[in-house]
Every structure is written in structure tokens, then in C-alpha cells.
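Top to bottom, those sequences are chains A and B. In this text, residue positions in the first sequence follow full-length UniProt numbering: the first is 1, and each later residue adds one. In this text, residue positions in the second sequence follow full-length UniProt numbering: the first is 1, and each later residue adds one.
Keep in mind that the hints are not guaranteed to be accurate.
Because identical chains cannot be distinguished in the list, a pair is counted as satisfied if it fits within a single copy or across any two copies.
With a Cα cut of at most 25 Å, we get these calculated SDA-like pairs of lysine to any residue [to be verified]:
1) 158 - 146
2) 86 - 8
3) 158 - 54
4) 143 - 245
5) 86 - 219
6) 197 - 157
7) 130 - 47
8) 153 - 47
9) 125 - 167
10) 197 - 87
11) 158 - 168
12) 153 - 242
13) 158 - 111
14) 188 - 245
15) 35 - 140
16) 243 - 194
17) 86 - 111
18) 206 - 170
19) 52 - 158
Simulated from the structure, these hints should not be mistaken for lab results. Small disclaimer: the values here were computed from a predicted structure and weren't measured.
There are 2 protein chains.
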Amino acid sequence: MKEILLNSENYQPGLSIDCVIFGFHDNQLKVLLIKTSYDNKWSLPGGFVPIKEDIDTAAVTVLNDRTGMQGIFLRQFATFGSIKRKDPNFDSTVLDYFEIPKDAGQWFTQRFVTIGYYALVDFLKAIPQKEDNHEIIEWIDHKEVPELILDHKEILDKALHTLRIELNLMPIGYNLLPEKFTIPELQKLYETILDKKLDRRNFLRKITHIGILKKLDEKKSNVAHKAPNLYTFDKDKYEEVLKNGLNQGW
Amino acid sequence: MKEILLNSENYQPGLSIDCVIFGFHDNQLKVLLIKTSYDNKWSLPGGFVPIKEDIDTAAVTVLNDRTGMQGIFLRQFATFGSIKRKDPNFDSTVLDYFEIPKDAGQWFTQRFVTIGYYALVDFLKAIPQKEDNHEIIEWIDHKEVPELILDHKEILDKALHTLRIELNLMPIGYNLLPEKFTIPELQKLYETILDKKLDRRNFLRKITHIGILKKLDEKKSNVAHKAPNLYTFDKDKYEEVLKNGLNQGW
Chain A
1 MKEILLNSEN
11 YQPGLSIDCV
21 IFGFHDNQLK
31 VLLIKTSYDN
41 KWSLPGGFVP
51 IKEDIDTAAV
61 TVLNDRTGMQ
71 GIFLRQFATF
81 GSIKRKDPNF
91 DSTVLDYFEI
101 PKDAGQWFTQ
111 RFVTIGYYAL
121 VDFLKAIPQK
131 EDNHEIIEWI
141 DHKEVPELIL
151 DHKEILDKAL
161 HTLRIELNLM
171 PIGYNLLPEK
181 FTIPELQKLY
191 ETILDKKLDR
201 RNFLRKITHI
211 GILKKLDEKK
221 SNVAHKAPNL
231 YTFDKDKYEE
241 VLKNGLNQGW
Chain B
1 MKEILLNSEN
11 YQPGLSIDCV
21 IFGFHDNQLK
31 VLLIKTSYDN
41 KWSLPGGFVP
51 IKEDIDTAAV
61 TVLNDRTGMQ
71 GIFLRQFATF
81 GSIKRKDPNF
91 DSTVLDYFEI
101 PKDAGQWFTQ
111 RFVTIGYYAL
121 VDFLKAIPQK
131 EDNHEIIEWI
141 DHKEVPELIL
151 DHKEILDKAL
161 HTLRIELNLM
171 PIGYNLLPEK
181 FTIPELQKLY
191 ETILDKKLDR
201 RNFLRKITHI
211 GILKKLDEKK
221 SNVAHKAPNL
231 YTFDKDKYEE
241 VLKNGLNQGW
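Pulled out of the complex, with its shape left as it was, chain A reads as follows:
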């Protein structure tokens, strides 16, 4: 971003991308957040849209740059365009900070309409990438998110709401769990996203009914007593259900 001048010849004017990147770890649904040294608030990772790039491509770029991962599950979920989407505290020290020429300063003073994408990534494979050394980038439990800039809290809430709704429409877990997992681990993922307890037998019945699980001839190790079976997703069936949708809600 430092090398290409921020103006409307290089970037789509007044348009940005913000990514809500979810990861699952320690029974927490975490979200990847950024803090720059010129601002006391945290923000979602984001970027601008190069004039010669599709919006979806620009979103993939943000995601790859920030997680070091390719081929991530990524979905556009909503576009935010309140007239209040201007930085009220914009000060030109930001320009110095980013080594941006002063005459490009007006770029930052316009209203930005932002397209929200959410991503599901394997927490253990993602390596959060700083843009420079002044920046902090961290996984934070979605229940303990600090104050965010602008309407980023609203964007995050909407992403979470969308994810909860989509649990009724599609399978989830492939991008959030390790390759082998137990049914209780999968249930815990659903419970964490939905923020409620699910009945064990009901969950087992419903998840089995979808037909995307493959039982492995392997048990979870490091478990003292009765070791639970390990499962993996049947990738072909998973993709098929992802495409056609579930026929029932939870």
C-alpha cells in the first residue's frame, strides 16, 4: 500500500474492504484484530480495492496478506455505507506514519463504503502478519473484543450473526477444526458459535444425518478413560452439501 499512491487512478474511490477473520481455539471463537501505534483503538484488517481488481480478489489479497494462508473460506456478507463512515479523528500524522504524500491526504477524508467479508481459518495454520513493526495483530476472543474504530463493531456483530444463520444452511467445521476431530469437539464448535448448549444426542443425530462425517479407525489419544472416536469430513460430500444447502435448521 505504501508503494502505490492512494488516489482514484490506482484505487476504486471511496470503497474499502474489511475482513472478519474467525478462528477456533481453546473452545473460543477468536477474531483477528489489528492495532496501529497512531490509534488507540483496534480495527478489522482491511484494504482498498485496486482499480484493476475485482472486489472479491481484493478481499482474498487482504486475507492472504494477513494470515499467510491461501485458499481460505471467504464470504461476502454485507456492505456498510452510512454517511458517518468517515474518520472523524483523521489527522495528518497518519500520512507521515504511512509515508503518504500530503497531497494524497484527501483520500482519507471522503466517506468510505466498505464491503464486509468473513473468513473461517484453521487457527493453528494461520500466522498473523504485521504490515510493519509498529503494528500489533492478535487473535482475540469474540467475547472480549475491545473498542473498535468507526463501525467495525457493527461489522463484526453482523458477521457473527451471518455465521450463526449460515449454520442452518450449510455445514461448518472444515475450515475451523483440525483434520481429525471428535464429535464432542465438533459439538463444542457449534455451541461456541451459537453461544448456547446443544443436546448431545440431538446433535449427534442431526450431524450424522447430514452425511458429511467419516468415522476413522482411530481413537483420540491422551484421554484418560474411554477414548472417543476420531472423525474426519468426507470432503466430496461436504462440498456437495455446501453447494446445495442443508435441508433443515438446527
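Since chain A is already given, all that's left is putting chain B on it; use the hints.
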């Protein structure tokens, strides 16, 4: 649009709104389309985003202007931003046509990212409004849509896909049916949107289970033999379910 100059001081640059307006009539799901005399293709009704207006407000304006109705059910469903979203056949006679000064011509040559909204309206109450006398505006069965400009067909398909998915998440009908209706009429609406036959008893069971219907002490008139009961939506319960979502799919 003719009175305010099309430039980035008045409108958000490179951004537009397109509305997929659905109405239900004669057992058809119809969509409101527009044809101008300078183009042989049809298009979705749309507009630009005034610099001082939220994107959602701009969408409401398009909808009110085109249907003559207020308080319509309207939802943003996706944003389209391929780099191909430029009019390849743009010719400057359009400027003459809209009485737009030549120096504003470059407005039309940039890539437009467009935010898609879909609306559900009561077909009998909507009065399609032309922008001028050269324009045709018509309800067209969604199964017989002619060739559309740019990616408008893709936008329409995505809106329909979203509507079908949302049938699993929320009640529908309040905005598409007259105040009093029979269960077979409601079923027909669902069948038309989903484009498939539903089992009569299953549908009755499921729709009753949601708890949004109020049976009226009235039968449908003009029916030769056994007249079916009329129903209406319990508005409070309908709104409640709309807010919290259905707990089951179809």
C-alpha cells in the same frame, strides 16, 4: 437525476444501487424491469448514491420512485464489483438523451461497484413509475426475463437464490399476498418461489407450527364448491419471527 450534476461532488463515485423488485400475481413471481429507448436491452431499476445519503436510504429512494409505494420490505443481499462492470457500449448519445453535460461523460466510463437490494411488494398496490416517456417499465415473469444489460441477470439470479434460502430462515408472504388469503394461495407462493411442488399436508403442518397465521371467520367467495377458509397474518407474531428467525428449514 437530471437536475443534479453527475459527479463525485454530488454522488459517491463508482458506486450504484440496483433493485430486484419482486411481486406475486397470477401464480407468477414477477420482477420489475426497465427498458430505455437508447438501449435494446432491459435492466434492473437502479440509481446512484448521493454523497450525503446512506446507501440504504438511496435504495429506499429508488424503490419508492419506481413503485410509488412507501414502507416496502427491502434487503441488501450482495455487492457486485467485477472489473468488467463498465458499460462496454457506452456511447455519448446517452448524455444527450439524459441531457447531461458532455464534461460529466467520464462519470459513465468508470467501473461501477453496485449494491444489490431485493424488495417484496404487493403487486396490486405497486404502480410502476416511468422516469420519462421514453422509458418502458414492466412486470415480467421471472421465468421469462429477456436479455439484461451488464451483469444484471447474475444480480437477479442471486436475489432469487437469496430469497429461496431466506424461506428457510424467515416467514414470507406478508409483503407479497393480499391481506386475506387461503392456505392454498400461501402454498402456491412458496411453490412459485422454490419452483417445486410441496406436499399439502406437510406444508400445512409446518406453516401452522410457525404460529404466524390467524384463521378468519370468513370463507373465500367466488368459489363453486367447498370454499376454503381465509387467513391473515398475525402481524406481531410475524414481526417477532422475522426478527428471531425460524428454527427449522423447509
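Hints, one by one, checked against the model:
In the homo-oligomer, the alpha carbons of residue 158 and residue 146 lie at most 25 Å apart inside one protomer (16 Å), although the nearest pairing across protomers, at 35 Å, exceeds that limit. In the homo-oligomer, the alpha carbons of residue 86 and residue 8 lie at most 25 Å apart both inside one protomer (17 Å) and across protomers (16 Å), since each shortest distance falls under that limit. Both within a single protomer and between protomers do residue 158 and residue 54 lie at most 25 Å apart by alpha-carbon distance, with minima of 23 Å and 17 Å respectively. Only between protomers do residue 143 and residue 245 lie at most 25 Å apart by alpha-carbon distance; the minimum there is 23 Å, versus 29 Å within a single protomer.
Proximity of residue 86 and residue 219 under a CA criterion of 25 Å is satisfied in neither setting, with 54 Å inside one chain copy and 56 Å between copies. Taking CA atoms no more than 25 Å apart as the test, residue 197 paired with residue 157 passes inside one copy only; the shortest distance there is 20 Å, against 37 Å between copies. Taking the shortest alpha-carbon separations for residue 130 and residue 47, only the intra-copy value of 14 Å comes in at or below 25 Å, while the best inter-copy value is 39 Å. With identical chains, the CA atoms of residue 153 and residue 47 are at most 25 Å apart within one copy only, with a shortest distance of 17 Å there and 29 Å across copies.
In the homo-oligomer, the alpha carbons of residue 125 and residue 167 lie at most 25 Å apart inside one protomer (23 Å), although the nearest pairing across protomers, at 36 Å, exceeds that limit. For the identical chains of this complex, residue 197 and residue 87 are neighbours neither inside a copy (40 Å) nor across copies (52 Å), given an alpha-carbon limit of 25 Å. For a Cα distance limit of 25 Å, the shortest separation of residue 158 from residue 168 qualifies both inside one copy, at 16 Å, and across copies, at 19 Å. Taking the closest pair of Cα atoms, residue 153 and residue 242 come within 25 Å of each other only across two copies (23 Å); inside a single copy the shortest separation is 28 Å, beyond that limit.
For the homomeric pair residue 158 and residue 111, the shortest alpha-carbon distance inside one copy (20 Å) is at most 25 Å, but the shortest distance between copies (27 Å) is not. In this assembly of identical chains, the alpha carbons of residue 188 and residue 245 lie at most 25 Å apart whether taken from the same copy (22 Å) or from different copies (22 Å). In this assembly of identical chains, residue 35 and residue 140 lie within 25 Å of each other by CA distance solely inside one copy; the values are 12 Å within and 51 Å between copies. For the homomeric pair residue 243 and residue 194, the shortest alpha-carbon distances inside one copy (22 Å) and between copies (16 Å) are both at most 25 Å.
In the homo-oligomer, the alpha carbons of residue 86 and residue 111 lie at most 25 Å apart both inside one protomer (5 Å) and across protomers (22 Å), since each shortest distance falls under that limit. In the homo-oligomer, the alpha carbons of residue 206 and residue 170 lie at most 25 Å apart both inside one protomer (13 Å) and across protomers (21 Å), since each shortest distance falls under that limit. In the homo-oligomer, the alpha carbons of residue 52 and residue 158 lie at most 25 Å apart only across protomers (24 Å), although the nearest pairing inside one protomer, at 29 Å, exceeds that limit.
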